[in-house]
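Engineer: Sequence:
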Amino acid sequence: MFVGLSNSYYNLEKSKKNINNGLNQNEQKLDILNFVQPLSAQLISSSIGQDNQVLLRYLYEGNNVLVILNSKTKQIRSIITIKNGSQFGVN
61 MFVGLSNSYY
71 NLEKSKKNIN
81 NGLNQNEQKL
91 DILNFVQPLS
101 AQLISSSIGQ
111 DNQVLLRYLY
121 EGNNVLVILN
131 SKTKQIRSII
141 TIKNGSQFGV
151 N
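Heads up: the sequence shown begins at 61 in my numbering, then just goes up one per residue.
Note that these hints are calculated values from the structure, not bench results.
These figures come from a predicted structure and were not determined experimentally.
No incorrect hints appear here.
Label pairs and their computed distance ranges (CB to CB):
id, residue 1, residue 2, range
1, Asp91, Ser138, 18 to 24 angstroms
2, Asn112, Ser146, 33 to 39 angstroms
3, Asn130, Val150, 20 to 26 angstroms
In silico EDC-like links for lysine to aspartate or glutamate, alpha-carbon gap of 16 angstroms or less:
id, residue 1, residue 2
4, Lys132, Asp111
5, Lys134, Asp111
6, Lys134, Asp91
7, Lys143, Glu121
8, Lys132, Asp91
Note that the Cβ used here is the ideal one computed from N, Cα and C, for glycine as well.
Please build the complete structure, drawing on both the sequences and the hints.
Structural biologist: This is the structure in C-alpha cells:
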C-alpha cells in the first residue's frame, strides 16, 4: 500500500513538472510588440490575420484610419485613411 501511494505521489509530481515545462516553453515563444500611436488617436478595434499581420482601426482627426502591422518584422505595412465622400474612390 505504501509503495503504491509513493508511486502515485511520484507520478503526480512528475506530471506537474511536465505541465510547468510546457508553460515555460509557451512563455518563451511570446513576442513583445510595442506600437506608438498619436495621443489623440482612439483605438476602435484590433485583430490578427494571416502571417501574423495586425490590423488596428483608429478614429483619428475625424477619420477612420486602418494600420496594418507585420508583427514578424515589427514594421508598419500600410496606413489607410478612410474619408467621407459621395462615392467610393482612391486618391
